[in-house]
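Same order as they appear, the protein sequences are chains A and B.
Read in order, the letters of the first sequence correspond to residues 1 to 207 in our numbering.
Read in order, the letters of the second sequence correspond to residues 208 to 414 in our numbering.
I should point out that these hints are in silico values taken from the structure, not numbers from a laboratory.
No experiment lies behind these values; they were computed from the predicted model shown.
Yeah, the Cβ is synthetic: ideal placement off N, Cα and C, and Gly gets one too.
Keep in mind that the hints are not guaranteed to be accurate.
[Unchecked claim] Here are the in silico distance ranges between beta carbons for each label pair:
| no. | chain 1 | residue 1 | chain 2 | residue 2 | range |
| --- | --- | --- | --- | --- | --- |
| 1 | A | Ser114 | B | Thr405 | 54 to 62 Å |
| 2 | B | Ser321 | A | Gln54 | 37 to 45 Å |
| 3 | B | Pro227 | A | Pro115 | 50 to 58 Å |
| 4 | B | Phe385 | A | Glu181 | 41 to 49 Å |
| 5 | B | Asn210 | A | Tyr184 | 48 to 56 Å |
| 6 | B | Ala302 | A | Pro115 | 51 to 59 Å |
| 7 | B | Ile401 | A | Pro115 | 56 to 64 Å |
| 8 | A | Pro20 | B | Asn403 | 40 to 48 Å |
| 9 | B | Ile284 | A | Glu10 | 22 to 30 Å |
[Said to hold, decoys possible] One side of the interface only, derived from the structure: several residues of chain A facing chain B at Cβ under 7 Å:
| no. | residue |
| --- | --- |
| 10 | Ser6 |
| 11 | Gln11 |
| 12 | Ala12 |
| 13 | Leu19 |
| 14 | Tyr33 |
| 15 | Leu45 |
| 16 | His61 |
| 17 | Ser177 |
[Stated by the list, open to error] Restricting the straight-line Cα-Cα distance to at most 25 Å, the calculated cross-link-like pairs of lysine to aspartate or glutamate (DMTMM-like) are:
| no. | chain 1 | residue 1 | chain 2 | residue 2 |
| --- | --- | --- | --- | --- |
| 18 | B | Lys367 | B | Asp324 |
| 19 | A | Lys25 | B | Glu390 |
| 20 | B | Lys214 | A | Asp92 |
Protein chains: 2
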Amino acid sequence: MANYPSKLFEQAVNEFAKLPGIGRKSAVRMVLYLLREEEEIASLLGNTIVKLRQEIRYCKHCYNITEDECCEICASIKRDKSIICVVEDIRDIIAVENTSQYNGVYHVLGGIISPIDGIGPNDLNIEPLLNRIATGICKEVIMALPATIEGDTTCFFLYKKLSNFDIDVSSIARGISFGDELEYADEVTLGRSIINRTPYQANYQMR
Amino acid sequence: MANYPSKLFEQAVNEFAKLPGIGRKSAVRMVLYLLREEEEIASLLGNTIVKLRQEIRYCKHCYNITEDECCEICASIKRDKSIICVVEDIRDIIAVENTSQYNGVYHVLGGIISPIDGIGPNDLNIEPLLNRIATGICKEVIMALPATIEGDTTCFFLYKKLSNFDIDVSSIARGISFGDELEYADEVTLGRSIINRTPYQANYQMR
Chain A
1 MANYPSKLFE QAVNEFAKLP GIGRKSAVRM VLYLLREEEE IASLLGNTIV
51 KLRQEIRYCK HCYNITEDEC CEICASIKRD KSIICVVEDI RDIIAVENTS
101 QYNGVYHVLG GIISPIDGIG PNDLNIEPLL NRIATGICKE VIMALPATIE
151 GDTTCFFLYK KLSNFDIDVS SIARGISFGD ELEYADEVTL GRSIINRTPY
201 QANYQMR
Chain B
208 MANYPSKLFE QAVNEFAKLP GIGRKSAVRM VLYLLREEEE IASLLGNTIV
258 KLRQEIRYCK HCYNITEDEC CEICASIKRD KSIICVVEDI RDIIAVENTS
308 QYNGVYHVLG GIISPIDGIG PNDLNIEPLL NRIATGICKE VIMALPATIE
358 GDTTCFFLYK KLSNFDIDVS SIARGISFGD ELEYADEVTL GRSIINRTPY
408 QANYQMR
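With the hints as constraints, model all of the structure from the sequences given.
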């Protein structure tokens with residue numbers, strides 16, 4: 001273990017090194033940066049982090065983050081409350097919102113079923129989703145989960161649970177990404193994209 | 208620009224993205240991590256950052272960081288004040304200290320001469336170094352600067368300034384690193400390591 005020149009410096013390095021993707025060398029670099037730059041940068045960062053945890057809450061409907069009881073999307077009268085898009089994470093809401101192709105509301109699971117990481121259905125916001133659907137406002141659920149084994153497992157689990165309700169359940173389309181060459185696509189993706197081929201006209205309109 | 212679900216969230220992402228080596232995606236990941244984990248982690252990180260800037264000062268002798276007037280190394284009676292090791296950065300002090308091979312004191316330049324980045328001799332702690340040497344306590348200066356063009360330029364500049372004093376000036380040895388294969392060493396390193404060859408016995412003792 002390195003000998004740091006000051007206890008406070010060492011503590012700051014330790015705290016930064018807890019962040020995801022940050023090792024001790026990067027942590028030292030960040031602390032030195034904060035010491036070197038204007039004091040305002042450090043105080044703003046520090047105070048924002050403290051405020052973040054104190055003031056940010058989860059939306060009571062969809063578990064998106066918000067500073068109020070209810071997030072901007074759920075509170076908006078322009079959004080279609082009859083469609084719920086189920087996502088793993090808040091980052092996925094940001095990604096879907098950036099497409100400007102979706103006008104419904106969301107539901108954040110807060111993870112996906114992953115036995116290896118010890119995450120089961122009870123660790124996710126699945127029960128609140130079922131309660132939301134039980135109110136009868138929702139007519140369609142779109143599952144926008146990762147295209148991984150864990151994502152597929154979670155989709156299957158949700159599909160089973162949702163089949164008790166009289167709603168449409170769909171999953172976002174899997175296929176060849178825009179700009180991809182067929183020869184470099186993996187067999188599973190290319191195989192599925194043939195099985196799930198879409199009529200050309202419909203595909204054309206979507207663009 | 209992405210639409211973030213909350214102003215405070217966006218501000219936190221912006222502040223994190225100012226850190227060196229951190230892009231917006233990593234910043235979002237960090238903010239979500241702080242929101243997900245226990246509140247203590249966020250408050251500890253935030254408060255440490257604020258305290259860092261308020262309480263950490265630079266040692267009045269060597270510009271190492273410290274919480275007192277004078278750093279631990281300069282304050283220690285066990286360290287040999289007649290040898291000064293000149294380094295670019297506080298990280299280099301940590302690196303040299305970890306070797307346990309050095310018992311003198313340090314002097315942090317706070318950078319190296321780099322015209323491309325607009326850093327000249329006046330931006331560095333060179334004047335304080337010369338004042339320190341003028342007191343007559345120092346008998347030897349070891350320059351431990353990066354093996355780059357900028358590092359060599361800084362060494363040369365310092366050497367010229369230091370030649371006015373009756374002291375020994377040396378630079379840390381450049382050569383083949385421990386564990387390196389000769390065939391993969393670059394020509395400059397290998398060439399210099401032949402020119403600056405050391406008597407075998409001395410080399411043996413050093414290990």
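Now for the hints, and whether the structure bears them out:
1. At about 56 Å, the CB distance of A/Ser114 to B/Thr405 agrees with the hint of 54 to 62 Å.
2. In this structure, B/Ser321 and A/Gln54 meet the distance hint of 37 to 45 Å, their C-beta atoms being roughly 42 Å apart.
3. Here the CB-CB span from B/Pro227 to A/Pro115 is close to 38 Å, at odds with the stated 50 to 58 Å.
4. Between B/Phe385 and A/Glu181 the Cβ separation comes to about 45 Å, which falls inside the hinted range of 41 to 49 Å.
5. The hinted range of 48 to 56 Å is not satisfied by B/Asn210 and A/Tyr184, whose Cβ atoms lie roughly 32 Å apart.
6. The given range of 51 to 59 Å is broken by B/Ala302 and A/Pro115, whose C-beta atoms sit roughly 43 Å from each other.
7. In this structure the hint that B/Ile401 and A/Pro115 lie 56 to 64 Å apart at CB holds, the actual value being about 59 Å.
8. Between A/Pro20 and B/Asn403 the CB atoms are about 44 Å apart, so this pair conforms to the stated range of 40 to 48 Å.
9. Taken as a hint, the range 22 to 30 Å holds for the pair B/Ile284 and A/Glu10, whose Cβ atoms sit roughly 23 Å apart.
10. The closest approach between the C-beta of A/Ser6 and any C-beta of chain B is roughly 5 Å, which is under the 7 Å cut-off, so the hint is satisfied.
11. Interface restraint check for A/Gln11: the shortest CB-CB distance to chain B comes to about 5 Å, inside 7 Å, so the restraint holds.
12. Checking A/Ala12 against chain B: minimum C-beta separation of about 5 Å stays under 7 Å; hint holds.
13. For A/Leu19, the interface hint holds, the least distance from its beta-carbon to any beta-carbon of chain B being 5 Å, beneath 7 Å.
14. For A/Tyr33, the shortest C-beta to C-beta distance to chain B is roughly 5 Å, which falls under 7 Å, so the interface hint holds.
15. At its closest, the beta carbon of A/Leu45 sits 4 Å from a beta carbon of chain B; the interface hint therefore holds under the 7 Å criterion.
16. Contact between A/His61 and chain B, as hinted, is not supported at the beta carbon level, the nearest pair being about 13 Å apart and thus beyond 7 Å.
17. Proximity of A/Ser177 to chain B is violated relative to the hint, the smallest CB-CB distance being about 18 Å (cut-off 7 Å).
18. At most 25 Å may separate the alpha-carbon atoms for a hinted pair to count; B/Lys367 and B/Asp324 meet this at roughly 22 Å.
19. As the CA atoms of A/Lys25 and B/Glu390 are separated by approximately 29 Å, the hinted pair breaks the 25 Å bound.
20. The suggested pairing of B/Lys214 with A/Asp92 holds, with an alpha-carbon distance near 18 Å, which does not exceed 25 Å.
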